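Please build the complete structure, drawing on both the sequences and the hints.
2 protein chains.
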Amino acid sequence: MNIALDMMGGDFAPLETIKGVQLFLSENNHDDVHLTLIGDENKLIPLFKEYTMNPENFTVVHAPEVIEMQEHPTKALKEKQQSSISIGFHLLASGKTDAFISAGNTGAMMVGSLYSIKAITGVARPAIGAYMPGENGKLSLLVDVGLNADCKPENLSQFALLGALFSTYILNNKNPRVALINVGEEEGKGNILCQAAYPLLKENERINFVGNIEGRDLLLDKAEIYVCDGYTGNILLKFAESIYDIVQKRKIDDEYFNRFNFEMYGGVPVLGVNKPVIIGHGISTAGAFNNMILMAKKMIEQNFIEKIKNEF
Amino acid sequence: MNIALDMMGGDFAPLETIKGVQLFLSENNHDDVHLTLIGDENKLIPLFKEYTMNPENFTVVHAPEVIEMQEHPTKALKEKQQSSISIGFHLLASGKTDAFISAGNTGAMMVGSLYSIKAITGVARPAIGAYMPGENGKLSLLVDVGLNADCKPENLSQFALLGALFSTYILNNKNPRVALINVGEEEGKGNILCQAAYPLLKENERINFVGNIEGRDLLLDKAEIYVCDGYTGNILLKFAESIYDIVQKRKIDDEYFNRFNFEMYGGVPVLGVNKPVIIGHGISTAGAFNNMILMAKKMIEQNFIEKIKNEF
Chain A
1285 MNIALDMMGG DFAPLETIKG VQLFLSENNH DDVHLTLIGD ENKLIPLFKE
1335 YTMNPENFTV VHAPEVIEMQ EHPTKALKEK QQSSISIGFH LLASGKTDAF
1385 ISAGNTGAMM VGSLYSIKAI TGVARPAIGA YMPGENGKLS LLVDVGLNAD
1435 CKPENLSQFA LLGALFSTYI LNNKNPRVAL INVGEEEGKG NILCQAAYPL
1485 LKENERINFV GNIEGRDLLL DKAEIYVCDG YTGNILLKFA ESIYDIVQKR
1535 KIDDEYFNRF NFEMYGGVPV LGVNKPVIIG HGISTAGAFN NMILMAKKMI
1585 EQNFIEKIKN EF
Chain B
1285 MNIALDMMGG DFAPLETIKG VQLFLSENNH DDVHLTLIGD ENKLIPLFKE
1335 YTMNPENFTV VHAPEVIEMQ EHPTKALKEK QQSSISIGFH LLASGKTDAF
1385 ISAGNTGAMM VGSLYSIKAI TGVARPAIGA YMPGENGKLS LLVDVGLNAD
1435 CKPENLSQFA LLGALFSTYI LNNKNPRVAL INVGEEEGKG NILCQAAYPL
1485 LKENERINFV GNIEGRDLLL DKAEIYVCDG YTGNILLKFA ESIYDIVQKR
1535 KIDDEYFNRF NFEMYGGVPV LGVNKPVIIG HGISTAGAFN NMILMAKKMI
1585 EQNFIEKIKN EF
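Going line by line, the protein sequences match chains A and B.
Going from the first sequence to my numbering is simple: count from 1 and add 1284.
Going from the second sequence to my numbering is simple: count from 1 and add 1284.
Hints are not guaranteed to be accurate.
Because identical chains share one entry, a pair is satisfied inside a single copy or across any pair of copies.
[Stated by the list, open to error] Simulated pairs of lysine-lysine, DSS-like, Cα-Cα distance not exceeding 30 Å:
1. 1402 - 1473
2. 1473 - 1359
3. 1473 - 1362
4. 1486 - 1359
5. 1473 - 1364
6. 1458 - 1582
7. 1402 - 1506
8. 1458 - 1533
9. 1362 - 1458
10. 1303 - 1522
11. 1327 - 1486
12. 1364 - 1436
13. 1380 - 1506
Read the hints as simulated data drawn from the structure, not as lab findings.
What you are looking at is a predicted structure, and each value in this text was computed from that prediction instead of being measured.
Here you go:
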């Protein structure tokens, strides 16, 4: 399998991407993985030498341009065809690579996923899943966290299935529970979207729907997948991230709150597109890049995209 | 002034309501305040004796019924006319009292506020504000946290003004900043509601609008009022409350996270109705009840309702 990594993406690239690749190559037996490292050769080659990495394990694809974090996604993808993200999507779409990972411009990664890789037939709206650290030590998945600010009830029902498949095949949860994020537990509660989504989720036989959960239940052992619109999910995720920032700033060293370090989990998958795409956090360091390569490897090994296609 | 308190509302009533009243009467000079204590005389009178409270400072109004926490609000208000909440709203609506406080059934308090006290003319949708503890030691107000699961852009603009008036006159902030909770900072970001609300907030000359803020900014010093629909606000508030529960459970004693104890702030005001109504948390203890009486006193002293009427 061939996994491509944007070497220029993230606040600490390319140093941390290089170190992440080195970590991946050193840690386990990854003979079946060939890495495609996309970025500015002039910056990368001296670093490969410095970190004495065996060139047999990877191919470098030169990308003279970089889409910066603050650039407008669609405009940047159009104008910077030679950027690492543009080339990454080109290689993935043309079948030369099997997965693409970047911690670069999130918007460009989303736009590229939707317009270059495209949604799987039957998936109306791909979504992004993010991890929520449960108090019980487990990880739940929050879907959607940003691709779809406005959703229809059917979208939420599809997010539930996409999340359940990821939870089953990538996080190894058997028959994972799906809950709808809402303002009360009873059926009929909530905004119009939730009121209409609830019966669809209840009738969806391919998921294990356990009903509504409230904001206070998100960190408890109530479900493995939490479904909401992308506006709500994005705000919740960023709020949770800020809690970790404050915990760090206040020098609180607590085993549970340390798990709010979202970097631990690498990146977040784009669910419902035709190839594995993983979006990393801007502040990703070596460990996060290593985790993202491992996640991509697992998605390929599990034939995850085929499993989604079979369900839609 | 005459402030009414539901003595039977809350998980620890009537013991903690009694202790809260005692605290209020002992703490300061409140000669201008007469309290109307509504509840079951048979339970209250022995406690007044036990806590040696001076009956000159209050009047007891007997309420033989209680609306329990899990009852359906509209149904309970209709069927239990002799409940403490029903009597509380009756006294307030008829002008016999000047404010009403309860930590009882939240839904019944909302329904009572909307249908018995009613919205101020010009206020399309009253809202509930809740405090968010800022990292800088200050308190911000999150509006709405649950009255309006679905909102129109004009509602958000009105919540902004209601919140700004509360922040100005009750929390003593001069020209408080209003921010819209969104998925990105730039104008044009977000769901359809936020996209449409942004220009209304920008054009609203009676508020100091500072733009969008993201989930990660809610605890920072970005604004004094955060505006969002009641679905999002409710989920955010309950999520924040759960953080405090976990902090306590994990025995983390941190000055900042201790401020996530929402009980410290007493209750939350119903903004935009014709009289001061304050809703307490179910787990309220004496300190919370004392704080709620103080808030009601300040709302009356400041002629807060008149100030809202003048703006709408």
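The hints, checked one at a time:
For the identical chains of this complex, residue 1402 and residue 1473 are inter-copy neighbours only, at 22 Å across copies versus 34 Å inside a copy, given an alpha-carbon limit of 30 Å. In the homo-oligomer, the alpha carbons of residue 1473 and residue 1359 lie at most 30 Å apart only across protomers (16 Å), although the nearest pairing inside one protomer, at 41 Å, exceeds that limit. In this homomeric assembly, residue 1473 and residue 1362 come within 30 Å of each other (Cα to Cα) only across copies, at 21 Å, whereas the closest approach inside a single copy is 44 Å. In the homo-oligomer, the alpha carbons of residue 1486 and residue 1359 lie at most 30 Å apart only across protomers (27 Å), although the nearest pairing inside one protomer, at 41 Å, exceeds that limit.
For the homomeric pair residue 1473 and residue 1364, the shortest alpha-carbon distance between copies (23 Å) is at most 30 Å, but the shortest distance inside one copy (47 Å) is not. Within a single copy, residue 1458 and residue 1582 get their C-alpha atoms as close as 17 Å, which meets the 30 Å cut-off; across copies the closest is 55 Å, which misses it. In this assembly of identical chains, residue 1402 and residue 1506 lie within 30 Å of each other by CA distance neither inside one copy nor across copies; the values are 33 Å within and 38 Å between. Taking the shortest Cα distances, residue 1458 and residue 1533 sit within 30 Å of each other only across copies (29 Å), while inside one copy they are farther apart (37 Å).
Taking the closest pair of Cα atoms, residue 1362 and residue 1458 never come within 30 Å of each other, the shortest separation being 42 Å inside a single copy and 46 Å across copies. When the C-alpha separation of residue 1303 and residue 1522 is checked against a cutoff of 30 Å, the pair qualifies only within one copy, where the shortest distance is 27 Å, while the shortest distance between copies is 40 Å. Taking the closest pair of Cα atoms, residue 1327 and residue 1486 never come within 30 Å of each other, the shortest separation being 53 Å inside a single copy and 45 Å across copies. For the identical chains of this complex, residue 1364 and residue 1436 are neighbours neither inside a copy (34 Å) nor across copies (39 Å), given an alpha-carbon limit of 30 Å.
In the homo-oligomer, the alpha carbons of residue 1380 and residue 1506 never lie at most 30 Å apart, since the shortest distance is 41 Å inside one protomer and 46 Å across protomers.
In the structure shown, a violation is registered for the earlier hints numbered 7, 9, 11, 12, 13, in ascending order.
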